[in-house]
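Protein chains: 2
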Amino acid sequence: MIIGVLGPKGSYTEKAAQQWLTEKRINECGSKCNNGPEDDSLSLQYCEDIQDVFSFIRDGSLDLGLVPVENSIEGSVGITLDMLLEHDVTIVGETVVAIEHCLLSKGRKEDIRIILSHPQALAQCRHFLKENFKGVELRTTGSTSHAARLATEFEEMAAIASRESAQTYGLNVLLSNIQDREHNHTRFLTIVRSDHPATYPKQNGGDCAYKTSIIVYLDRDRPGALYDILGEFSLRKINLTRIESRPSKKTLGDYLFYVDLEGNTSDDIIKEAIYNVESKVGMLKMLGSYPAFKPV
Amino acid sequence: MIIGVLGPKGSYTEKAAQQWLTEKRINECGSKCNNGPEDDSLSLQYCEDIQDVFSFIRDGSLDLGLVPVENSIEGSVGITLDMLLEHDVTIVGETVVAIEHCLLSKGRKEDIRIILSHPQALAQCRHFLKENFKGVELRTTGSTSHAARLATEFEEMAAIASRESAQTYGLNVLLSNIQDREHNHTRFLTIVRSDHPATYPKQNGGDCAYKTSIIVYLDRDRPGALYDILGEFSLRKINLTRIESRPSKKTLGDYLFYVDLEGNTSDDIIKEAIYNVESKVGMLKMLGSYPAFKPV
Chain U
1 MIIGVLGPKG
11 SYTEKAAQQW
21 LTEKRINECG
31 SKCNNGPEDD
41 SLSLQYCEDI
51 QDVFSFIRDG
61 SLDLGLVPVE
71 NSIEGSVGIT
81 LDMLLEHDVT
91 IVGETVVAIE
101 HCLLSKGRKE
111 DIRIILSHPQ
121 ALAQCRHFLK
131 ENFKGVELRT
141 TGSTSHAARL
151 ATEFEEMAAI
161 ASRESAQTYG
171 LNVLLSNIQD
181 REHNHTRFLT
191 IVRSDHPATY
201 PKQNGGDCAY
211 KTSIIVYLDR
221 DRPGALYDIL
231 GEFSLRKINL
241 TRIESRPSKK
251 TLGDYLFYVD
261 LEGNTSDDII
271 KEAIYNVESK
281 VGMLKMLGSY
291 PAFKPV
Chain G
1 MIIGVLGPKG
11 SYTEKAAQQW
21 LTEKRINECG
31 SKCNNGPEDD
41 SLSLQYCEDI
51 QDVFSFIRDG
61 SLDLGLVPVE
71 NSIEGSVGIT
81 LDMLLEHDVT
91 IVGETVVAIE
101 HCLLSKGRKE
111 DIRIILSHPQ
121 ALAQCRHFLK
131 ENFKGVELRT
141 TGSTSHAARL
151 ATEFEEMAAI
161 ASRESAQTYG
171 LNVLLSNIQD
181 REHNHTRFLT
191 IVRSDHPATY
201 PKQNGGDCAY
211 KTSIIVYLDR
221 DRPGALYDIL
231 GEFSLRKINL
241 TRIESRPSKK
251 TLGDYLFYVD
261 LEGNTSDDII
271 KEAIYNVESK
281 VGMLKMLGSY
291 PAFKPV
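Chains U and G, in that order, give the protein sequences.
Residues 1 to 296 in our numbering are what the first sequence lists, from first letter to last.
Residues 1 to 296 in our numbering are what the second sequence lists, from first letter to last.
Hints in this document: simulated from the structure, not taken from any laboratory.
Note that the coordinates shown come from a computational prediction; the quantities given were computed from them, not determined experimentally.
Mixed in with the good hints there might be a few duds.
The list treats identical chains as interchangeable, and a pair is accepted whether it falls inside one copy or across any two copies.
Said to hold, decoys possible - Below are the DSS-like pairs computed for lysine-lysine, each with C-alpha atoms no more than 25 Å apart in a straight line:
#, residue 1, residue 2
1, K271, K250
2, K9, K134
3, K285, K271
4, K250, K130
5, K249, K294
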């Protein structure tokens, strides 16, 4: 079982993968949920960026992949939402990781001329950077751990990355917890190829809570279309945990909606709601039903 | 009348400011709309980033400011949405600018080692960069024109910026129209200080179309709350042009909704809908009513 995460070693996605696997084993919700990968047959493959995780799942070189989807400070990870639409993948799990960004460097704080990190991490530390490092050059990398690895090269460079990355790459933690809000969490999704259900059998039943994710493209010319489809869920008391719009990329003002709801498509009520929604929208893409994250 | 835009000279925001002022004069929708600033009393002030536009409006050194709010490829500009919530500003106008990103440099394509631009522009050219400049270092700047100015320093640097920036800074256009989709548009908002209505009197009536923007924070513990507030608009046949969620930053899974609707708060029907919505939500912030963009 090969699991793709953002590389190199020490990324938050790697942490998410390990956490998700542990949660999976701990939260065995009934025997049917206990069909996840076993430790001894696991290997991590480090990918350069989020696109690569999706591409390697498509070409079969990964069995599973983990990707960040939203953060409590900076919101959606646009590229992940776009890839979920473009690729034939199914979501089989989610997990939430506490993010504590640190400023790591070989040098001293006063020597820092360049700060490197993933664009999401830079955005999560926007106020910190503006107040403490105004004018310092910001460089983007494919992951926070990649930034940490690059920061080993020069003393004038610093990376925004995890405390673990400091250890991995022999950097000093100059400042910790530097994100703009104390509480910072990122939600990650575990994905597989849609035509590989055998890799990770769909879970029905069990006593844990499920989530279902869909993408809908409304009929633009019908006002109140979003209200109408939300009604299908409201009518059945199905709780929506998230509604996120994303440009259709056809024209400005034209959107897709990413909806997460509580429940499993194997439940009749969910099946019925989605069936009705499908008849009212221009396009509906089912992303999957998966055990909801439950803090241990 | 001092108008704040992203600087230095040649930014898309500057183009948006000029376009908005022109549209304002051309689309004089009744005499009441014709109270915009006059050409001869105008001056542009270049700001380093979006936060500065908001800060300078707050401290009174700007009368008006323009900020990007959404793009047809990359979606919302998170920082603008956050600032609209945090600052006491009122939206008095909008405009839409066609974006044609070019790769600008003093050097040749094969010499490029570093590409600079605003994070939104880098994201709009994501596929292009991955396919053509894999491994090249990406640096973020406060605006595309700032990237162009920096790219004048070394031949191994290139900027993603407008064709006009090439002229302004004496750079070569190595490649044009490099964004991932041919059609690329950014919507900009014109903002003023909320307690300075005199600067830019609220426009009531006239024969042009209006939009109204609000932010709502729902009551989390009430399922179906979003459906319920959308119902207030649907009931009155008020068309919503955009619904965007944004993290409340309190905890993951807790969101604010930014809603744009057709109509003016001076219309009774809109007033009534918003009054009803306000009674159902945890918080409602009125961002303003303003003439809707109309392509000339």
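Hints, verified against the model:
no.: 1; hint: K271 - K250; result: neither (30 Å within a copy, 33 Å between copies)
no.: 2; hint: K9 - K134; result: between (30 Å within a copy, 20 Å between copies)
no.: 3; hint: K285 - K271; result: within (14 Å within a copy, 37 Å between copies)
no.: 4; hint: K250 - K130; result: between (35 Å within a copy, 22 Å between copies)
no.: 5; hint: K249 - K294; result: between (34 Å within a copy, 20 Å between copies)
Violation of the numbered hints given earlier is confined to hint 1; every other hint is satisfied by the structure.
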